[in-house]
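Colleague: Here's the letter readout for the chains.
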Amino acid sequence: MLKRVHFKPSVLPYLLVAPQIIVTLVFFIWPASQALYQSFLLEDAFGLSTQFVWFDNFIELFEDPLYWGTFSKTIFFSFSVAFLSMAIALCLAVMADRVVKGSGVYRTLLIWPYAVAPVVAGALFFFIFNPTLGILPYLLKFLGYNWNHKLNGNEAMALVIFAAAWKQIAYNFLFFLAGLQSIPKSLIEAAAIDGAGPGRRFWTIIFPLLSPTTFFLLVINVVYAFFETFGVIDALTQGGPANSTQILVYKVYSDGFVGLDLGGSAAQSVILMAIVIGLTFVQFRFVEKKVEY
Amino acid sequence: MASVTLDNIRKTYPNGYQAIHGVDVDIREGEFLVLVGPSGCGKSTLLRMIAGLEGVTEGTIRIGEREVNKLEPSQRDIAMVFQNYALYPHMSVYANMAYGLKIQGLPKDEIDQRVNAAAEILELTEEQLTRKPRQLSGGQRQRVAMGRAIVREPSVFLFDEPLSNLDAKLRVQMRLEIKRLQERLGITSIYVTHDQVEAMTLGHRLMVLNGGVVEQLGTPIELYERPASLFVAEFIGSPSMNLIPTKLGADGKTIRIADGIELSLANGGLADQAGEEVVFGVRPEHLELASGDEASLPLTATLVEHLGADTLIHGHFGDDRADLTVRLSGTHLVAAGDVLPIRITADHMHLFNPNTEKRLAL
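Line order of the protein sequences matches chains A and B.
Each residue of the first sequence is one higher than the one before, counting from 605 in this note's numbering.
Each residue of the second sequence is one higher than the one before, counting from 830 in this note's numbering.
Any given hint might turn out to be false.
[Said to hold, decoys possible] Simulated coverage check for chain A against chain B, where a stretch passes if three residues somewhere in it have a Cβ under 8 Å from a Cβ of chain B: (1) 781-794; (2) 808-819.
[To be verified] If you want a taste of the chain A side facing chain B, the calculated C-beta under 10 Å gives, among others: (3) 797; (4) 798; (5) 799; (6) 800; (7) 801; (8) 804.
Just so you know, the hints here were simulated from the structure itself, not pulled from any lab data.
Even glycine gets a Cβ: it sits at the ideal position worked out from N, Cα and C.
All chains should be built: construct the whole structure from the sequences, respecting the hints.
Modeller: Take a look at the structure:
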């Protein structure tokens, strides 16, 4: 065992960790506890009277078919975003891994979208897909397709999925590329000598060996789609049309700040908090241990 | 089984670096050829070219009658054992060995039969076949890697330094196993190593490479007894050959190896190169203790190493400062500062041209 080093008691270490602790307390612990407290309260829209109602807010939520609709929509949205962005990122990473000349430039360019803020990404897609002035609906019209995500809920959902997935491709790409580069080249060569073609090598050797990376990214992407896509949705559809792109985080916002149902909104955020805690647990428990192959 | 023919093989990388400068060799059916040389000499590159993992810049490679320059590795009917074994970590040992056969589309019971036969040859137990490679020891992994090569029943085995990741004891054991296996299966094998002991013990013939050039091609004994160049002379044999830069005598029949010490050369020496500069070489084990009143050279010992079976004595002749190593069999109680009578038999002397570094025939 290592011997502990003893320093004279001093305030310096406390001073050094203080900023981190203060930030955590003010911006995480305090709002979280406020939300927890709020979720037990029933407040009128004008904030004139408040009543402690225990779990009524939660019971109401769970009995609300709209809430469950939002729940399944969120799950569909999250997994679509995760699948789409991971699939595209994996394709790009496999190709980037083969590039010999100018690979640095190519990789740098592929990483750039990650630096774009969610709202800006939303704005980009807002213009590209805008039914009246966007370039894509214009082109689709030539193919005989009338794109209007302001009226069509499925198109709106597709749009937010594209936008949210696009944002995440760069991040996934980085991890997949690192994963690919950590696979010993001799394994691929051995498979080539064993007679496996490129496709077979990918599915029987490379893809299984990437599974730790894939699992890690799956968790990260689901968390991202669950909680960090607010900006994208707010810029593109504001949850519409007819709530068709309203995912859980967006519902927290619209119920709380638009609908002014503070108690219900707080209860929703408490549920989201529980989901985050669950996903974090999954990640630490399984990802840290690595998916064993 | 097949022969392998390399005809004027050259390799130049896109950056202009020339790794292989024209290699010619006919590897007979069932022969065990060892490519040996220091790291960076091009031996692995040459092997990878035969495997089809590296392109050939110039020349032709034939396996059997077939020219394989443009064929994919899988079409060349070869199997390769890699230095790091390159076992598929996510598959069981059985699946590792069966992988290539499955791709060939063999029926399940034939795969089963071939894998079990290979496992038996390599003494892998049924239980070990179900394990993952990481649950095996280094030697066992090495066996699995060889098993994966055997089951394919290829015409040619390629080994890329397969023993260099093993500890010394296991290396000796696996070396014997590889030799036995090759003799038993009789499959043409090409083996890359930087270890001269491995090279000497395994190969029917050795090809010594240096800087992409073939220094010598021959049987282990040929290389040991008649090294074609200074490089081979130093590379083969341990401890390496004593080399003394010097001059031939005025008549070409003698050579001066230290102040006042001259030796007469075998077969009348080299009369036509009298007075020329040469490098004189003699192996440590060919410097022997002279007995009684035999003509001898006085070697002043400076350092003695006792290996048990042998004694290595480092020293110099007379007042000369050139360091020599003498290998005497058995234990000799010699101390630093002692002067030993040493004799050199004429047929164990080697002479090299210091400019071309080639052997001078006596």
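Colleague: Taking the hints in turn, state whether each one holds.
Modeller: Here is what the structure says about each hint:
| no. | hint | result |
| --- | --- | --- |
| 1 | 781-794 | holds (count 5) |
| 2 | 808-819 | holds (count 5) |
| 3 | 797 | 5 Å, holds |
| 4 | 798 | 4 Å, holds |
| 5 | 799 | 4 Å, holds |
| 6 | 800 | 6 Å, holds |
| 7 | 801 | 8 Å, holds |
| 8 | 804 | 7 Å, holds |
Of the numbered hints stated above, none is contradicted by the structure.
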